[in-house]
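*Asks:* The residues making up each chain are set out below.
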Amino acid sequence: MNDFWSMGGYGGYVWSAYGLAVLVIGWNVVAAHRYWRRGEELARRRLAAGREMRP
Amino acid sequence: MARFTWFHKLASPPHCYAIAGRCLPWLAWPALVLIVIGMYGGLLRAPADYQQGEAFRIIYIHAPSAWLSLLGYTTMAVAAAVGLIWRMKLAHALAAATAPVGASFALLCLITGSLWGRPMWGAYWAWDARLTTELILLFLYLGYMALRASFDDVGRADRASAVLALVGVINIPIIHFSVYWWNSLHQGSTVLRAGGPAMPASMLWPLLVSFAGFTCLFATIVAIRLRGEILMRERQASWWSSMDSRGAMADE
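From first to last, the protein sequence lines stand for chains A and B. Letter 5 of the first sequence, counting from 1, is numbered 4 in numbering that gives the first Met the number 0, and no numbers are missing. Letter 162 of the second sequence, counting from 1, is numbered 161 in numbering that gives the first Met the number 0, and no numbers are missing.
Since the hints were made in silico from the structure, they are not lab data. Accuracy of the hints is not assured; some may be wrong.
Only some residues are given here: those of chain A computed to face chain B with a beta carbon under 10 angstroms [what the hints assert, rightly or not]:
| hint | residue |
| --- | --- |
| 1 | Asn-1 |
| 2 | Phe-3 |
| 3 | Met-6 |
| 4 | Gly-7 |
| 5 | Gly-10 |
| 6 | Tyr-12 |
| 7 | Val-13 |
| 8 | Ala-20 |
| 9 | Ile-24 |
| 10 | Asn-27 |
| 11 | Ala-30 |
| 12 | Glu-39 |
| 13 | Leu-41 |
With beta-carbon atoms standing in for the labels, derived distance ranges [said to hold, decoys possible]:
| hint | chain 1 | residue 1 | chain 2 | residue 2 | range |
| --- | --- | --- | --- | --- | --- |
| 14 | B | Trp-124 | A | Asp-2 | 25 to 35 angstroms |
| 15 | B | Leu-134 | A | Glu-40 | 21 to 31 angstroms |
| 16 | B | Pro-199 | A | Phe-3 | 44 to 54 angstroms |
| 17 | A | Phe-3 | B | Val-32 | 14 to 24 angstroms |
| 18 | A | Arg-43 | B | Tyr-49 | 38 to 48 angstroms |
| 19 | A | Phe-3 | B | Trp-180 | 23 to 33 angstroms |
| 20 | A | Leu-41 | B | Phe-138 | 43 to 53 angstroms |
| 21 | B | Pro-172 | A | Trp-14 | 14 to 24 angstroms |
Virtual Cβ for every residue (Gly too), placed ideally from N, Cα, C.
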């Protein structure tokens, strides 16, 4: 198991790269989801404003 | 002409929003499964490289990131061209949704490349043709996003950023061929090369699976962002209130 984590002495480089990939992918998914939610919120507010403006 | 109706339908925000929603599970699940299989193959099944040892395993992150950075910019430029030529607002929305995703993978490509370069070349960075052109690609992405953000009017932001996207696309073939045109520390193409891939099958299959998984992931993230972008742009989003969370119309 230690051999796996040490990656022949390159563990620091290999696991840093993989850790960073997890962070970038995670950020992408969360940020995209938040962006979509913000769009929904904006659409909801526009709808509500439109209804209020009607006589 | 009837066969092109699907293309015209894509220009409709409700239709595009619904299609993107329906595609999400078909993209997200394959992305997850393929990335897990690719990482398993890359970290546990593939043998160590005879020259680079275990450090070569960074390729399973680095190469798909590089591919996505190029795919993202090409998608952005094609969408920008469609938006400018046919005045299709959804094409501009797609370009805007793609930019931050492509930029993040360009950044990931550069940093994982540095982490790979340090043990192999003895330096985190070199002003090498491949590295420099990839850095220019990241700056093009950032410039595109900054230019969009500098306009209050969406239409003007679309047109100005589309021109930048089209001018910058010249960098894409330069990145690809840089290792052949100039003396470079960076290795040549491993997969897309004349004479077939320069890898044994035991190393190649996890890489191909990772490429497929990362591409599905990229499409998933862009589809989610595109849905958000459509809603941000729509002044009359009454159609949205009649859709369920997956984007299907209530009466469908």
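*Asks:* Against which earlier hints does the structure fall short, listed by number upward?
*Replies:* Checked against the structure, the hints that fail are numbers 1, 15, 16, 18, 19, 20, 21, while the rest are satisfied.
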